[in-house]
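S.K.: Let chain A serve as the given structure and place chain B on it in line with the hints.
Protein chains: 2
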Amino acid sequence: MVQQSFQLYDTTLRDGTQMAGLALTVDDKLAIARSLDALGVGFIEGGWPGAVPKDTEFFRRARTELDLRAALLTAFGATRRPDVAVSQDPQVRALLQAETPVVTLVAKSHTGHVDRALRTTLAENLAMIRSTVQHLVLAGRRVFLDAEHYFDGYVSNREYALEVVRTAAEAGAETVVLCDTNGGSLPEEVKAVVADTIAMTGAAIGIHCHDDTGCAVANTMAAVDAGAVHAQGTAHGYGERCGNANLFTVMANLVLKRGREVIPLERLVELEPTGRVIAEVTGIPRVPAAPYVGTAAFTHKAGLHASALRVDPGLYQHIDPARVGNAMRVLVSDMGGRSSVELKARELGYDVAAGSDAVGRAAARVKELESRGYSFESADASFALLLRAELAGHTPPAPFGVESWQVAVDGDGGAQASMGLRVAGTPRTATGLGREPVHALDAALHQALDPVFPALTGLRLTGHTVRELAGDRTAPPSVRVLLSFRCGDRRWGTVGVDRHATGAALTALLDAVHYVLSDAPERRRDTESLVAAPAG
Amino acid sequence: MVQQSFQLYDTTLRDGTQMAGLALTVDDKLAIARSLDALGVGFIEGGWPGAVPKDTEFFRRARTELDLRAALLTAFGATRRPDVAVSQDPQVRALLQAETPVVTLVAKSHTGHVDRALRTTLAENLAMIRSTVQHLVLAGRRVFLDAEHYFDGYVSNREYALEVVRTAAEAGAETVVLCDTNGGSLPEEVKAVVADTIAMTGAAIGIHCHDDTGCAVANTMAAVDAGAVHAQGTAHGYGERCGNANLFTVMANLVLKRGREVIPLERLVELEPTGRVIAEVTGIPRVPAAPYVGTAAFTHKAGLHASALRVDPGLYQHIDPARVGNAMRVLVSDMGGRSSVELKARELGYDVAAGSDAVGRAAARVKELESRGYSFESADASFALLLRAELAGHTPPAPFGVESWQVAVDGDGGAQASMGLRVAGTPRTATGLGREPVHALDAALHQALDPVFPALTGLRLTGHTVRELAGDRTAPPSVRVLLSFRCGDRRWGTVGVDRHATGAALTALLDAVHYVLSDAPERRRDTESLVAAPAG
Chain A
1 MVQQSFQLYD TTLRDGTQMA GLALTVDDKL AIARSLDALG VGFIEGGWPG
51 AVPKDTEFFR RARTELDLRA ALLTAFGATR RPDVAVSQDP QVRALLQAET
101 PVVTLVAKSH TGHVDRALRT TLAENLAMIR STVQHLVLAG RRVFLDAEHY
151 FDGYVSNREY ALEVVRTAAE AGAETVVLCD TNGGSLPEEV KAVVADTIAM
201 TGAAIGIHCH DDTGCAVANT MAAVDAGAVH AQGTAHGYGE RCGNANLFTV
251 MANLVLKRGR EVIPLERLVE LEPTGRVIAE VTGIPRVPAA PYVGTAAFTH
301 KAGLHASALR VDPGLYQHID PARVGNAMRV LVSDMGGRSS VELKARELGY
351 DVAAGSDAVG RAAARVKELE SRGYSFESAD ASFALLLRAE LAGHTPPAPF
401 GVESWQVAVD GDGGAQASMG LRVAGTPRTA TGLGREPVHA LDAALHQALD
451 PVFPALTGLR LTGHTVRELA GDRTAPPSVR VLLSFRCGDR RWGTVGVDRH
501 ATGAALTALL DAVHYVLSDA PERRRDTESL VAAPAG
Chain B
1 MVQQSFQLYD TTLRDGTQMA GLALTVDDKL AIARSLDALG VGFIEGGWPG
51 AVPKDTEFFR RARTELDLRA ALLTAFGATR RPDVAVSQDP QVRALLQAET
101 PVVTLVAKSH TGHVDRALRT TLAENLAMIR STVQHLVLAG RRVFLDAEHY
151 FDGYVSNREY ALEVVRTAAE AGAETVVLCD TNGGSLPEEV KAVVADTIAM
201 TGAAIGIHCH DDTGCAVANT MAAVDAGAVH AQGTAHGYGE RCGNANLFTV
251 MANLVLKRGR EVIPLERLVE LEPTGRVIAE VTGIPRVPAA PYVGTAAFTH
301 KAGLHASALR VDPGLYQHID PARVGNAMRV LVSDMGGRSS VELKARELGY
351 DVAAGSDAVG RAAARVKELE SRGYSFESAD ASFALLLRAE LAGHTPPAPF
401 GVESWQVAVD GDGGAQASMG LRVAGTPRTA TGLGREPVHA LDAALHQALD
451 PVFPALTGLR LTGHTVRELA GDRTAPPSVR VLLSFRCGDR RWGTVGVDRH
501 ATGAALTALL DAVHYVLSDA PERRRDTESL VAAPAG
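Protein chains in written order, with the UniProt record's numbering: chain A, 1 to 536; chain B, 1 to 536.
The shape of chain A in the complex, shown without the other chains (with noise of 0.2 Å):
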């Protein structure tokens, strides 16, 4: 049933650019916009104008460089500061230069802070609630009204806040949003919250939540299910200190465990790239554990998971992950066994006999190979090259082989490689800069190698991450460095471990030409690496 009536709301550029390590520029806004457009996001608040310099320019901007197709542009700032006309209130003015279709207004609901923050009085809130809300909409604006603190408020001083509600609601204020700003609500009293304000207002209510008790989006189902028909969110939950309720995780949740098509079904499996741009114009680690768009989502390492997964996917997953645009995954460890390394080979495209004994000495050699620090979760393309040893019985003889090198980098800047390899039996030398020393050394071997192997002119290093590993009785402290790499349209890792980081790095480059030398049959898609990575 189509709800044209609810309204899903993104403020990712605005309450979730106050997280921690945000910083976005004007471009990377407009980009993330059009993201949340093509997901079908009703509403996109943009930003504070007037306030923040930065959001003034976006909103002068978006009038020419912003197309939107699905959702309408908010624009968000605070009600008139305390006895001054709303005509000569230069914030509000700003607000209207936005020339956005939709405005949010933010207002205090809680009488402690109407007293200590505001620092006036009850009915002059009111006063400015009303008078603010009326001039918007008698620009030509639609109003909405955050209530600020709303639930602390309602605890505090019940009638006030209800007051705040209708006070809104009667100026004009299409949907009134109940913020639960501190973030310190669990899902039973704000659900007793919602019902009764709209049983006492009869105003069309929306929610915004906050993750401090790592219930946002719980709160937010259980707001929806008194009746709420507006809800708030940022991708991924940024936000200030805990966050915002992540509003990829409760549009899947409203679609596909309440059936309400908050944005168009067809747009769903948009859900896993739209997480994946966003990550990417922000630069924010992505969280690998995140609810249906995790890299890690539909990620199964226990052996008997593994073994319940190759006779039904469902008996391990709530959904198909295809469904929201993501994919199972199986890794391979010392935790699975035969069945996750048989389950992985498939994915990967090879066509393995269960049981067979290649597919046990590999399971071995991974076991063994994981037990001196190596690890293939996120190396798809160093397990092929082992998988494919096993299946051929012998390791295929290397087309070329590196036998010396050496990385400087000094106050001028950069790092410069140099590498003495041996190419089909010829010595050949090769030079390479880069910013870190594994970009110097991927430049020396692409100058070495695509003259000979055209097929390496694609291969192109996306990101790399570094772990120390510390010893023990049986062996010295050695360093693992897991590379991700673009082949064409296709992503995959690899991994090396030695004593130093950028020999690591140097077994973990070769493993990735080797792959793609070796002429792979693989149909894999995306593999991401499952392990946070910072980017570069």
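Bear in mind the hints are in silico, worked out from the structure with no lab data behind them. Careful, some of the hints might be misleading.
To be verified - Some chain B residues judged to face chain A by a derived CB distance under 7 Å, without partners named:
hint	residue
1	Gln88
2	Pro90
3	Asp212
4	Thr249
5	Glu436
6	Pro437
The structure presented is a predicted model; accordingly, all values stated were derived computationally and were not measured. Cβ atoms here follow ideal geometry from the backbone N, Cα and C, with glycine treated the same way.
M.R.: Same frame as chain A, but now just chain B:
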């Protein structure tokens, strides 16, 4: 009110280890167990003896090396296999050989799983439960029964699911734990199912949730509200796919929001330190936004929030962070203004007058540097140097300077730095070795400066992150490096921006040295990086 009957149950060392990217040694597991015990957790599920060799070893060593003061150690395993006598089942024998006071058995409670995963009859499954529970009770063990896939099983065949619970309880299982194994449930359903199960069976009921709908914590709270007396979860919500219920969040919610003493009240202040210690053992990057324990959980960036927090921290925090061992932090960024700078300065121990010119100049300098790529959010020491220069009205003269440097990395391993400096007017050279260029430069600085400035001997580099910054029409691409340090018992960070990573790292290293040398009066406690950093 002391709830001696509430069972707070941690499965970090068993279910938690199924998380992608998590690999623990036996030493790691022992360390984590001690940490959980110190926090006051009631039960620690140590692993699956017999099935996972590392876990068999863990229980063996635990007997002599693990001296638990509060918690009871639990061994996890499956009911006997179909059609095998319980005394003949080697896995059950392994459970007993673990010699734990408590054993937790997992059993199927979903008819679909009994049929397709176990491939046995519904009656035999009940017999497996009955005989295995009785066998362990007769051997003197306390027994818990994990009813796997309970919520899906209840929907599929309610009668059978209830029969599983009755069978386990009648056979002697002290608590029957209802598991939302696929994680697809929402709080409303969990509450109804738990309430019905308690009413229909009279058994002591526990709850075990996964976060696939983003509601694991809320589902757990709902179950406890409905009468569950036992709650399972993991540290930081570690676990397969989207993870298990975050036990830190659950226990803090139960104590602070429901007034239930599920751990000794005086231990709650150990929550954040415990989270930090366990994350150091696992090496999994901490999520800054994690409720209660996250580095960003009580971190405020918006200028508006900072203004209010100056008046009363309770205006934008749902609890006093000290109750969970955390602290309020204010971020300095282009989003804050004078209030943020002032709060931060006070946080660092500077007695600045509200509205002073120096604060205004510092705020302007921060905005200008941030537009060039700097980020002071995780770099308190760099910010302190900036602030001090504005307070003094000039940059203090430097006691030394670096005039040239070079770093080389080669196939024999590691990085070697050489440096030319001028120290108190005298030219000096220095060299240093390290895993990465930043470590080698750090070593060279110490070689040159420690003999002259002994205060530097306590300065330790503990981590670094590198972030590429795209250029724009006004500036070429650059790199931002954040370094974290420990000096004595204090931790703080510095930042550097340059065309290349190593140059940026040197800038940040020099800030750290200048910070230590400038004899700062800060009384700041730990400041950790607010951006998830890879180990090392």
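S.K.: Each hint: holds or not?
M.R.: Hints versus structure:
no.	hint	result
1	Gln88	violated (21 Å)
2	Pro90	violated (16 Å)
3	Asp212	holds (5 Å)
4	Thr249	holds (4 Å)
5	Glu436	holds (6 Å)
6	Pro437	holds (5 Å)
Hint violations for this structure: numbers 1 and 2, all remaining hints satisfied.
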